[in-house]
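Novice: The lines below spell out each chain.
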Amino acid sequence: MTDTVAESIQELDQAQVLRTAAGSRRRRYLAVLLGWLVFIGLWWLLSLWVDSEARLPSPGRVFQEIVIILQGDFWTQFWASIVRVVAGFLAAVLIGTPVGFFMGRSKYWGNFLQSPVIVAGSIPGLTYAVMAFVVFGISFWGPVLAVGLIAMPYVAINVAEGVRGVDRRLVEMSTAYGRNETQVFRHVTVPSVLPFVFAGVRLSFSLAWKVGTLTEVFGSSKGIGFQIRRNYQLFNMPGVIAWVLLFVLFMLLIERFILVRLERRLFRWRQWEREA
Amino acid sequence: MARVAIDRLSKTFPPPTKGGDPVVAIGDISLDVEGNVFVSIVGPSGCGKSTLLNILSGVETPTRGSASVTEGDRPAHLGYVFQDARLLPWRTVMDNMMYVRDDGDAGAAKAALYLDMVGLSHTHDMFPGQLSGGMQQRVGIARAFSVEPDLLLMDEPFSHLDAITARSLRDHLQELWSATRKTVLFVTHDVVEAVQLSDRIIVLAPGGRIFDDITIDLPPRSPRQKPLVSRRGWPLRASGRRGPPPPSRGTRRR
Numbered sequence: 000m001t002d003t004v005a006e007s008i009q010e011l012d013q014a015q016v017l018r019t020a021a022g023s024r025r026r027r028y029l030a031v032l033l034g035w036l037v038f039i040g041l042w043w044l045l046s047l048w049v050d051s052e053a054r055l056p057s058p059g060r061v062f063q064e065i066v067i068i069l070q071g072d073f074w075t076q077f078w079a080s081i082v083r084v085v086a087g088f089l090a091a092v093l094i095g096t097p098v099g100f101f102m103g104r105s106k107y108w109g110n111f112l113q114s115p116v117i118v119a120g121s122i123p124g125l126t127y128a129v130m131a132f133v134v135f136g137i138s139f140w141g142p143v144l145a146v147g148l149i150a151m152p153y154v155a156i157n158v159a160e161g162v163r164g165v166d167r168r169l170v171e172m173s174t175a176y177g178r179n180e181t182q183v184f185r186h187v188t189v190p191s192v193l194p195f196v197f198a199g200v201r202l203s204f205s206l207a208w209k210v211g212t213l214t215e216v217f218g219s220s221k222g223i224g225f226q227i228r229r230n231y232q233l234f235n236m237p238g239v240i241a242w243v244l245l246f247v248l249f250m251l252l253i254e255r256f257i258l259v260r261l262e263r264r265l266f267r268w269r270q271w272e273r274e275a
Numbered sequence: 000m001a002r003v004a005i006d007r008l009s010k011t012f013p014p015p016t017k018g019g020d021p022v023v024a025i026g027d028i029s030l031d032v033e034g035n036v037f038v039s040i041v042g043p044s045g046c047g048k049s050t051l052l053n054i055l056s057g058v059e060t061p062t063r064g065s066a067s068v069t070e071g072d073r074p075a076h077l078g079y080v081f082q083d084a085r086l087l088p089w090r091t092v093m094d095n096m097m098y099v100r101d102d103g104d105a106g107a108a109k110a111a112l113y114l115d116m117v118g119l120s121h122t123h124d125m126f127p128g129q130l131s132g133g134m135q136q137r138v139g140i141a142r143a144f145s146v147e148p149d150l151l152l153m154d155e156p157f158s159h160l161d162a163i164t165a166r167s168l169r170d171h172l173q174e175l176w177s178a179t180r181k182t183v184l185f186v187t188h189d190v191v192e193a194v195q196l197s198d199r200i201i202v203l204a205p206g207g208r209i210f211d212d213i214t215i216d217l218p219p220r221s222p223r224q225k226p227l228v229s230r231r232g233w234p235l236r237a238s239g240r241r242g243p244p245p246p247s248r249g250t251r252r253r
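If you read the protein sequences in the order shown, they are chains A and B.
If you're matching positions, the first sequence starts at 0 in numbering that gives the first Met the number 0 and goes up one per residue.
If you're matching positions, the second sequence starts at 0 in numbering that gives the first Met the number 0 and goes up one per residue.
None of these hints come from the bench; they were simulated from the model.
Among these hints, one or two may not hold up.
As the list claims (entries may be wrong) - Label pairs and their calculated CB-CB ranges: (1) A/F139 <-> B/A105: 34 to 44 Å; (2) B/A105 <-> A/F184: 18 to 28 Å; (3) A/A5 <-> B/S67: 52 to 62 Å; (4) A/R263 <-> B/A204: 51 to 61 Å; (5) A/R263 <-> B/S158: 32 to 42 Å; (6) A/V134 <-> B/A105: 57 to 67 Å; (7) B/H159 <-> A/W108: 30 to 40 Å; (8) B/P74 <-> A/T181: 12 to 22 Å; (9) A/L33 <-> B/D101: 53 to 63 Å; (10) B/P15 <-> A/R255: 43 to 53 Å; (11) B/H159 <-> A/Q9: 30 to 40 Å; (12) A/F266 <-> B/T179: 34 to 44 Å; (13) B/A107 <-> A/L33: 46 to 56 Å; (14) A/E6 <-> B/A204: 53 to 63 Å.
Stated by the list, open to error - Here are a few chain A residues that sit away from chain B, every Cβ distance over 12 Å (derived from the structure): (15) Q13; (16) F38; (17) V66; (18) Q70; (19) D72; (20) F111; (21) I117; (22) A119; (23) S121; (24) W140; (25) E160; (26) S173; (27) L245.
Fair warning: this is a prediction, and the values are worked out from it, not measured in the lab.
Note that the Cβ used here is the ideal one computed from N, Cα and C, for glycine as well.
Please take these sequences and the hints and turn them into a complete structure.
Specialist: If you want it as structure tokens, here you go:
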């Protein structure tokens with residue numbers, strides 16, 4: 000009797016906890032939605048006040064333009080941009096990871112590489128965009144180079160931080176249990192550095208996109224950046240804003256649905272670390 | 000039976016601050032441990048207890064002298080329980096148990112057996128972060144026993160835990176030890192703990208020297224059975240005799 004009462008109380012508690020969780024999730028989505036509505040509302044009011052399509056088109060006009068673009072060659076243009084950004088990004092990870100590894104592993108290499116990496120990381124994106132254009136002219140490789148150069152220092156610095164942060168106590172434990180260096184590298188070093196690599200990737204991803212697009216403005220005959228410039232030259236303001244919005248939207252989607260999901264999956268164990 | 004042979008061992012660390020003096024962790028220790036005995040090493044902090052275990056396990060190298068752990072003609076197989084659990088946070092409990100062994104499924108059965116012995120058979124697929132500190136430490140103990148070592152090194156394994164958890168783990172350890180009878184080197188600064196668990200107690204003094212070497216002669220040990228230390232802190236013999244025991248070097252009575 001008492002057992003069943005206790006059990007039903009427990010069930011009620013559990014239901015309560017789930018309800019609260021669902022409630023807070025709903026409130027969160029509501030806040031996001033409200034934020035967008037306020038933003039679009041302000042934009043609309045502003046466009047009424049400016050009252051000039053060439054300066055600030057209304058949200059409705061831009062939305063029409065978005066529909067037109069989506070029906071047209073959006074995917075070709077988008078794909079052109081994404082291939083370049085991803086290619087540049089892969090180059091950054093492929094070069095940045097070993098550079099960061101050496102920086103974190105040995106003091107000598109740390110000192111040797113630190114200044115160039117920090118300098119490379121603090122040069123403004125525009126410089127890379129211009130430089131890539133000067134080197135490659137209008138070509139596929141310009142944006143790739145710019146993206147690679149801007150993202151590489153972030154990846155390297157994060158990896159170096161991760162390598163320095165490898166828990167010595169876990170390495171000692173492995174030594175005491177007779178694990179060899181390959182095993183320690185695979186099971187201790189790599190898993191502890193991986194979250195740092197990922198942080199570097201996420202941090203530099205939006206930066207890479209921006210620089211990639213910027214480079215397309217100068218030196219490309221394709222891609223989102225090129226479309227923004229073309230519409231600008233045609234004095235087609237709704238077109239410019241429509242392309243920019245599409246760009247932002249897809250950045251958010253990639254971030255939310257690919258990067259965040261991948262991170263959650265890879266670092267399932269960290270969820271418990273934070274709570275502990 | 001594992002044999003620990005330490006011959007005129009010393010370990011000096013470089014000075015912690017610039018211009019300071021080098022730190023002598025161990026100064027000229029010779030020690031012999033042989034057979035299925037539970038040996039405690041006690042002493043104040045900073046007297047080289049942990050360093051000694053680290054040298055025996057190959058984590059540190061000696062400055063002078065030698066230390067070897069052998070099982071017959073081959074190097075002995077070691078298990079190590081640290082002050083903290085030292086589990087890989089990105090691997091589940093079971094995967095942590097498997098990390099220290101090189102066999103496949105046969106090892107899994109053994110790992111499961113020892114997890115069961117410390118009462119954690121329900122945690123196989125959990126991550127260390129999901130367990131309490133005491134449970135993590137139990138995994139650490141199970142891991143050390145599960146490799147079926149010739150020599151088990153334990154470095155203040157209960158010092159980070161609350162008194163109640165520590166006591167229950169001590170009982171666990173005693174059961175596991177009675178079942179397996181490994182050679183154990185157990186570092187602690189808790190004299191009562193040392194007396195409860197050990198056959199022999201080695202007391203280190205600051206500067207890493209052996210201050211005393213005591214053989215305890217108390218077969219069934221439980222803190223609830225009899226007072227184990229006199230009011231002055233000296234271990235009591237089975238006969239209840241009090242007073243400082245004569246220094247006896249490495250004699251085993253059982």
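Novice: Against each hint, give a clear statement of whether it holds in the structure.
Specialist: Now the hints, each set against the structure:
1. Restraint check, A/F139 to B/A105: a C-beta distance of roughly 55 Å breaks the suggested window 34 to 44 Å.
2. The hinted window of 18 to 28 Å between B/A105 and A/F184 holds, with their beta carbons roughly 26 Å apart.
3. Here the CB-CB span from A/A5 to B/S67 is close to 59 Å, well matched to the stated 52 to 62 Å.
4. Range check, A/R263 to B/A204: Cβ separation about 53 Å, and the 51 to 61 Å hint holds.
5. The beta-carbon spacing between A/R263 and B/S158, approximately 36 Å, falls within the hinted interval of 32 to 42 Å.
6. The beta-carbon spacing between A/V134 and B/A105, approximately 60 Å, falls within the hinted interval of 57 to 67 Å.
7. Between B/H159 and A/W108 the beta carbon distance is about 36 Å. The supplied range of 30 to 40 Å therefore holds.
8. Judged by the Cβ atoms, the range 12 to 22 Å given for B/P74 and A/T181 holds: they are separated by roughly 20 Å.
9. For the pair A/L33 and B/D101, the beta carbons lie near 57 Å from each other, so the given range of 53 to 63 Å is met.
10. Distance hint for B/P15 and A/R255: a CB-CB separation of about 48 Å, consistent with the stated range 43 to 53 Å.
11. Hint check: B/H159 to A/Q9, Cβ distance near 32 Å, so the stated range 30 to 40 Å holds.
12. Range check, A/F266 to B/T179: Cβ separation about 37 Å, and the 34 to 44 Å hint holds.
13. Look at B/A107 against A/L33: about 52 Å separates their beta carbons, and that is inside 46 to 56 Å.
14. Remark: the range hint 53 to 63 Å for A/E6 to B/A204 is upheld by a beta-carbon distance near 59 Å.
15. Distance to chain B confirms A/Q13 as a non-interface residue, since its nearest Cβ pair spans about 18 Å, more than 12 Å.
16. For A/F38, the non-interface assignment is confirmed: its Cβ lies about 38 Å from the closest Cβ of chain B, beyond the 12 Å cut-off.
17. With a closest Cβ-Cβ approach of about 46 Å to chain B, A/V66 is found to remain outside the 12 Å limit, as its non-interface label requires.
18. Listed as a non-interface residue, A/Q70 keeps its Cβ farther than 12 Å from every Cβ of chain B; the least gap is roughly 47 Å.
19. A cut-off of 12 Å between C-beta atoms confirms that A/D72 is not in contact with chain B; the least separation is 44 Å.
20. For A/F111, the condition that its CB be more than 12 Å from all CB atoms of chain B holds, with the nearest at approximately 24 Å.
21. Under the 12 Å C-beta cut-off, the non-interface status given to A/I117 relative to chain B holds; the minimum distance is some 27 Å.
22. Its beta-carbon lying about 31 Å from the closest one in chain B, A/A119 satisfies the requirement of being farther than 12 Å from that chain.
23. Distance check on A/S121: its Cβ is at least 32 Å (rounded) from any Cβ of chain B, clearing the 12 Å threshold; non-interface status holds.
24. Distance check on A/W140: its Cβ is at least 38 Å (rounded) from any Cβ of chain B, clearing the 12 Å threshold; non-interface status holds.
25. The beta carbon of A/E160 is kept farther than 12 Å from every beta carbon of chain B, the shortest such distance being approximately 18 Å.
26. Distance check for A/S173 against chain B: the nearest CB is about 8 Å away, which does not clear 12 Å, and the non-interface claim fails.
27. Chain B leaves A/L245 outside its interface by the beta-carbon criterion, the shortest separation being 38 Å against a cut-off of 12 Å.
Of the numbered hints given earlier, the model fails hints 1, 26; all others are met.
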